[in-house]
Amino acid sequence: MNFPRLGSREFLKAVRPFAGLFVVLLLFALDGELRSLFFKGSNFKMILTQTVIVAIGAMGMTMVIVSGGIDLSAGSVVALCSVVTARLIEQGHGLAAVLTFTVLAGGLAGLANGGIITTVRMMPFIVTLGMMGIARGISKWLANNQTVNPESCCGADLCRCPGFSMESVKQFMAYESPLTFFPLPDGVWLALGLAVVMAVVLRSTVFGRYVFAIGSNEDTARLCGIRVNVNKVAIYALAGAFFGLAGVMQFSRLTQGDPSVAIGLELQIIAAVVIGGASLSGGAGSIPGSVIGAFMMACLANGSGIKDWPNYMQEIIIGVVIILAVGMDKVEPFIQRLFKRQSSSN
Amino acid sequence: MNFPRLGSREFLKAVRPFAGLFVVLLLFALDGELRSLFFKGSNFKMILTQTVIVAIGAMGMTMVIVSGGIDLSAGSVVALCSVVTARLIEQGHGLAAVLTFTVLAGGLAGLANGGIITTVRMMPFIVTLGMMGIARGISKWLANNQTVNPESCCGADLCRCPGFSMESVKQFMAYESPLTFFPLPDGVWLALGLAVVMAVVLRSTVFGRYVFAIGSNEDTARLCGIRVNVNKVAIYALAGAFFGLAGVMQFSRLTQGDPSVAIGLELQIIAAVVIGGASLSGGAGSIPGSVIGAFMMACLANGSGIKDWPNYMQEIIIGVVIILAVGMDKVEPFIQRLFKRQSSSN
Amino acid sequence: GSQSGDSSGNGLSIVVIPKGTTHEFWKSIHAGAIKAKQELEASGQPVKIIWKGPLKEDDRDEQIKVVENFIARGVDGMVLAPLDDKALVRPVETADEAGIPVVIIDSGLQTDKYASFVSTDNALGGRMGGARLGKLLGGKGNVLLLRYAVGSASTTKREQGFLDEIKENFPGIKVLSSDQYAGATRDLAYTASQNLLSRYGNEVNGIFCPNESVTVSMTKAVRDIGKGGGMVKIIGFDTSVQSLRDLKSGDVAGLVVQNPVKMGYLGVMTLVEHLGGKAVAKRIDTGVALITSENMTEPDMRELLNPPLEKYLGTGN
Amino acid sequence: MPEDSSSDPALPRLRIDRVAKRFGPTIALDGVSLEVAAGEVHALIGENGAGKSTLMKVLSGAHRPDAGSLTLDGQPFEPSDPLHARKCGVAMIYQELNLAPDLSVEENILLGREPATLGWISHGERRRLAKRALEEIGQSQMPLDTPIRALTIAQQQLVEIARALVGEPRVLIMDEPTSSLTQVDTENLFGVIERMSQRGVSVIYISHFLEECQRVASRYTILRDGQSVGTGVMAEASLEQVIELMVGREIDEIYPRTSRSLGEPVLELSDVAGLVKPSCVNLTLHAGEIVGLFGLVGAGRTETLRAVFGLDRLAKGSVTVFSREATHSTPAKRLANGVGFLSENRKEEGLLLNRSVADNLTLTRLGAVTRLGFVSDSAQAATSGKWMARLDVKALSAAQSVGELSGGNQQKIAFGRLLHHDARILLLDEPTRGIDVGSKAQIYRLMNELAGQGKALVFVSSYLPELLGVCDRIGVMCRGELSEVRPVADWSEQQIILTAVGQAEPKEVAA
Ligand SMILES: Nc1ncnc2c1ncn2[C@@H]1O[C@H](COP(=O)(O)OP(=O)(O)OP(=O)(O)O)[C@@H](O)[C@H]1O
Ligand SMILES: Nc1ncnc2c1ncn2[C@@H]1O[C@H](COP(=O)(O)OP(=O)(O)OP(=O)(O)O)[C@@H](O)[C@H]1O
Ligand SMILES: [Mg+2]
Ligand SMILES: [Mg+2]
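Chains as they are written, first to last, in the working numbering: chain A, 51 to 396; chain B, 51 to 396; chain C, 21 to 337; chain D, 10 to 520.
In case anyone wonders, no lab produced these hints; they're calculated from the structure.
Check before you lean on any hint, since a few could be wrong.
Said to hold, decoys possible - Here are the simulated DSS-like cross-link-like pairs (lysine-lysine), alpha carbons at most 25 Å apart as the crow flies:
(1) B:K220 <-> C:K247
(2) C:K247 <-> C:K68
(3) C:K133 <-> A:K220
(4) C:K160 <-> C:K247
(5) C:K76 <-> A:K220
(6) C:K160 <-> A:K357
(7) A:K90 <-> C:K298
(8) C:K133 <-> C:K247
(9) C:K247 <-> C:K194
(10) C:K68 <-> C:K133
(11) A:K357 <-> C:K302
Unchecked claim - In silico contact screen, one side only, chain C against chain A (beta carbon under 10 Å); selected entries:
(12) T41
(13) E44
(14) I70
(15) E88
(16) R93
(17) D132
(18) V170
(19) S197
(20) A204
(21) D305
Said to hold, decoys possible - Quick look at which bits of chain A chain D covers, simulated, 3 or more residues with Cβ under 8 Å:
(22) 148-162
(23) 178-192
(24) 363-371
Please read all numbers here as calculations on a predicted model, not as lab measurements.
Note that the Cβ used here is the ideal one computed from N, Cα and C, for glycine as well.
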């Protein structure tokens, strides 16, 4: 791989999310109260754990957005899959089966999205807006309008406890020792591993290049022999699978299947992806950027939560930061000129 | 004005939202139980009243979407303005002042959206996503994190009751005689009047055509000498003003200013606009369509509520209808061919 | 947990985490917590009260984040009204592991890793409401139950208590609908009430509402269809400015009220006692009462209805 | 010499003085000076990327110059935006189509200058103005209410021209207005230009068709690398001189032709018909030959190629590729079989404008730059570098976005993709559209070379001289039907045009 030159446009684009994160951390470090409370290993462990769901969702969403689409059903699918996980555990499936089937369920929702988008040729915004309601409805139906608590059936009098995989799933997001940085919960490692894999897939496989091509210009992609429909269906299905995995994590976090969880999560995920440098018109974006975007948002929420600010301050600040983080783009020309002057004076 | 020919593509496009509504009503009429309960004047009056907020919001959103943008802050701005109304009434302003200032407050939020979008050249999705948090935060701050009940200061012991415009504002959404169709609440008349005005504005004024031109091809609009930025700012500000008015209606409906109301309303509004025939890529859409879209969604919610279907059924059905209503587009070519064959055989 | 930086100088720092912040009920809890703080300070025990609800109300995940963030920050203790009786188990257990004791208020939690549980007996409250409605209807007629929100332990207990009471003691009363949920906000509750009434408006005689937002919205919807003023008997739960007005005007036949000020007060007091090393009771009941238009002028009811919020929270902003 | 009453005849209508403009590292204009008199038709000539469009965009207010000054009728002219420029009487037809696809023809023609009172559009007046503008260019039959997206590119181009005529401009800039027009419409346009010039309107005419420039222009200016390198009276200049100034070297032969031998038939179309167009196409293409397709706008050439390539559905007929029947297919399968397609619409369909040159060049055959299952950036850059050098592409690096290149260079990238794919059958739809003479010669040479290697080419063009110069055989399409495909020698120019307008057929039937 060739790395973009220092100060070049590509370099600044790649570095932007990191710069945003850096600015946020710097501001926190300047605040005396936050410095001691925020910059603690145990706190970072919490932030990382809080990032996992959004980050895993953002990996799927990055693909969708890079391909020029959008998936508004992400939050509902996460909720649906948290319920599916709960039901599967209740029925006594093992960890592998629970993971597989939940991810499949998410993938199925994505498959439906992609199928409708490509065969009926409809705007993704609308199809996934519809799916948002459908998945939410199904999750409520599956959960019987309640939260699903698989543990509860695991009384002492039952010989074969049906919820035997509960503990393993709970483990994903469990803090073993809350006051230290290590050990990190399994979910964090899983998310990191997936991020690396997906970054390589999107950057350096033929499929990844096709995703970019489709997002950049669908007609051109078709003309260049890319099977746009097949690829799109794959993209939405894969994204759905990621939302499914995020659903498992959501279950693990709440230790229950909650059909009303993750409302508005899709917007958080989209914000993370866009802060990470993706363009909603398609053709641009990156996995590391999106993950950093998710992490930055979690830092902000954590920081302003710790700092005793009232809720409304927190909402205002996060709103402002979303705008700033993306608007930074426009400051780039100046930075670029700065770099150029330096390098030319050398 | 020239009217589209019967069976032409324009005709089918204009008629589509009505057809959707017709199908929904037909289905309801087929159900024996619903027939008697749903098709009652008093019930329609209720549906109309429930439509008002979404419909007024949809008028603003239609402009934004036709111009190729989107406004995710609609729900938050509605909540903000419901709080502003409450505070203004509390301070003893008259009806005219309450209306003016609330609408201005909404317009200001829109102005901020439009200003950032045009001067920093950012995607509307992101700017308004940020504004969504900001407006929500400000409304909570204004409301001191509570609901604001202006009447409460209007005790018998107070000589000059500060909440004297409360009753007039409440009147907008009040049923005077709950069991008949007429008289309709003032809010319904206001919404209908505004719809007519806005339909004409969008159809037959220079501003209205510029909205379409900008949404259809922004570069072209700029090269043709349309001041794209000025127009865009105007569009978002005007849309904000509509959300402000919707906020007054929201207050009137709850008779309180509630900073946590209208979460997710923006998606309902967008759905109504899109069902009404607008394209999210800009350049297409109409006010009558959007209003019918809003009415159709309210009918659906009301119908499934009456039928005592569980909530999840309702969510699934609305999701499916959103997809179907927009997907109907794809069936059009067939209908069109049908029309053509008939006319050629004549 | 007491090694944290900011608790050294100004005594204990205690965070009080409600389910949300916009309902007036939580304002009273806040007032109770401040009342406790003032009394403790007067007795030479400085306390810092941090009041922090989840950003998005009724979102379990958000409340978990709030709890976690305060574990990371390292407060001395927490008073928590859990949004869910299971989802908040792990955060509370994590707090316990980190040495931060938690007192649960308002709604139960399925663990024993807390210091104490201070709340109303919600099932009893529901039963009281059911009994009152049953008596008002003379043991026959049709009633509606509009549930609050999925998974909220306290309201679910009230709803169950109400249904149990009707089933056991008023066999002549028919429950027309008991599976609709109002949702978390007044607006949602209002729409749900309207839609429910357009179906059952003609046959319903009594309605039970399990919390404040449902009570206010349902009463408004009943008035809309012209059945206010006691034509339909409404029994609500909790108080607010609006529901008291409705009680006075006769639109509402009775309100089951808790004592939120006491709940907030005892929550903080119990926590401080626990932190001081004293043994505290695992379960503390703060009592419920039924208010009707007849007894609402009685002095102790008055105290319940109009808690001196301004005294503790200051006026206005 | 027509006199314009409003201005002093001693003053030039428009004066461009040492204008400079750079885009980041690219110097597009490097001190260009130019004078145009009232009523003069001035040809602006230059290679791709010479800066012609940029200069005109500076004039029309779409770009701000970094240095230099403009003078209009003696007054300093600093257009702040296109609206300002239009108000000052400078109208422009842009090289890339600029229309609002959802608005009607009428609305597009008057976009930005709607007749209105107090913001209310006067529909009748608008219709009148639009009709008049269309009549002026001989297109009174154009439907006024049809949305632009339903028109062909040529019709769209005509709408753009009509738009520029609204409002009596003083200076009219035409940036390659004929790149997708047929001869008939081009002739019409020349009539318009003449009338405008007689009325005292100054016209700046940009085209890569030098004969056109010779026909309409009285004076010319040549741009090279952002500098004006020559100016003079058109009638006194020879084509060779102009080309040499433009390219900076001599071009020995525009249409090279080496002898080549005809091979096996590789592509056979029999009775091919699409859903709308074409209606009947029969063609046999052999290895090592170039078959040209000529026709008027809407004749169905583009549709024929699209259908053969699998982009559009076939209604009937059969397609045989390399002796294997493969009528219904997809672009993916066609590409796999070695069939490549170059779209006439590079902006909308041909290129990934915001992706790099490297991505665009290698997209159809990423396998060649894949190492161990991963796309290798260095292999991609190396391969692209090779093709860029071969095609003489003017770009900063293989990593530059294609959208930042000039039109001609973009076209070369689109062509280069077929070369990288190593397609054996090349379907080329207007491959030289918007390309300068030097590059055209290069592309002709390349086509000749490809045919020499035994590849088969279908060459669709509306520019007859290049078809006659390059092709072995030529077929003419008219209303969806393809005429007999005959060797070039058997056609006369006259015959081809008659066939294209549908007048040759009765004679043939009679004979
Ligand atoms: N918006 C832009 N951003 C960056 N570079 C640009 C931009 N517009 C033009 N250029 C560059 O400026 C140079 C001149 O381009 P211009 O479009 O003026 O050429 P041209 O003479 O019109 O060529 P053609 O005949 O191909 O249309 C080219 O190198 C081009 O890449
Ligand atoms: N399926 C399609 N989708 C989009 N555009 C199309 C499609 N088919 C044809 N076109 C466009 O319509 C225009 C007219 O094409 P057509 O085949 O009728 O004419 P043509 O003979 O190719 O004429 P010319 O090439 O001279 O414009 C072409 O510019 C083509 O790009
Ligand atoms: Mg050009
Ligand atoms: Mg063509």
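Results for each hint:
A hinted pair counts as satisfied when its Cα atoms are at most 25 Å apart, and B:K220 with C:K247 qualifies at roughly 19 Å. Between C:K247 and C:K68 the alpha-carbon distance is near 49 Å, which puts this suggested pair outside the 25 Å criterion. A threshold of 25 Å between alpha carbons decides the hint, and for C:K133 with A:K220 the separation of about 18 Å falls inside it, so the pair holds. Restraint check for C:K160 and C:K247: the C-alpha separation of about 18 Å stays at or below 25 Å, so the hint holds.
Of the supplied pair hints, the one linking C:K76 and A:K220 holds, its CA atoms being roughly 24 Å apart against a limit of 25 Å. A threshold of 25 Å between alpha carbons decides the hint, and for C:K160 with A:K357 the separation of about 56 Å lies outside it, so the pair is violated. For the hint pairing A:K90 with C:K298, the CA-to-CA distance comes to about 32 Å; that exceeds 25 Å, so the pair is violated. The hinted pair formed by C:K133 and C:K247 fails the criterion: a straight-line CA distance of about 48 Å is larger than 25 Å.
As the CA atoms of C:K247 and C:K194 are separated by approximately 19 Å, the hinted pair is consistent with the 25 Å bound. Proposed proximity of C:K68 and C:K133 is supported: the alpha carbons are some 23 Å apart, at most 25 Å. Of the pairs offered as hints, the one joining A:K357 and C:K302 is violated, with about 31 Å between alpha carbons and a cut-off of 25 Å exceeded. At about 7 Å, the closest approach between the beta carbon of C:T41 and any beta carbon in chain A falls short of 10 Å, and the interface hint on this residue holds.
Interface restraint check: C:E44 against chain A, minimum CB-CB distance 17 Å, threshold 10 Å, status violated. Because the smallest distance between the Cβ of C:I70 and any Cβ of chain A comes to about 6 Å, under 10 Å, the interface hint for this residue holds. Checking C:E88 against chain A: minimum C-beta separation of about 5 Å stays under 10 Å; hint holds. The restraint placing C:R93 at the interface with chain A holds, with a minimum CB-CB distance near 5 Å, inside the 10 Å limit.
Annotation: interface hint on C:D132 violated; nearest CB of chain A at approximately 15 Å, more than 10 Å. Taken as an interface hint, C:V170 checks out: its beta carbon lies about 5 Å from the nearest beta carbon of chain A, inside 10 Å. Nearest Cβ of chain A to the Cβ of C:S197: about 14 Å, over the 10 Å cut. The hint is violated. For C:A204, the interface hint holds, since its Cβ comes within 10 Å of a Cβ in chain A; the closest pair sits about 9 Å apart.
At about 25 Å, the closest approach between the beta carbon of C:D305 and any beta carbon in chain A exceeds 10 Å, and the interface hint on this residue is violated. Counting residues of the segment 148-162 of chain A whose beta-carbon sits less than 8 Å from any beta-carbon of chain D gives 0, not enough to reach three: the coverage restraint is violated. Note: the segment 178-192 of chain A has 0 residues with beta-carbon separation from chain D under 8 Å; the three-residue rule is not met and the coverage is violated. Beta-carbon proximity to chain D at under 8 Å applies to 0 residues in the segment 363-371 of chain A; the threshold of 3 is not reached and the given coverage is violated.
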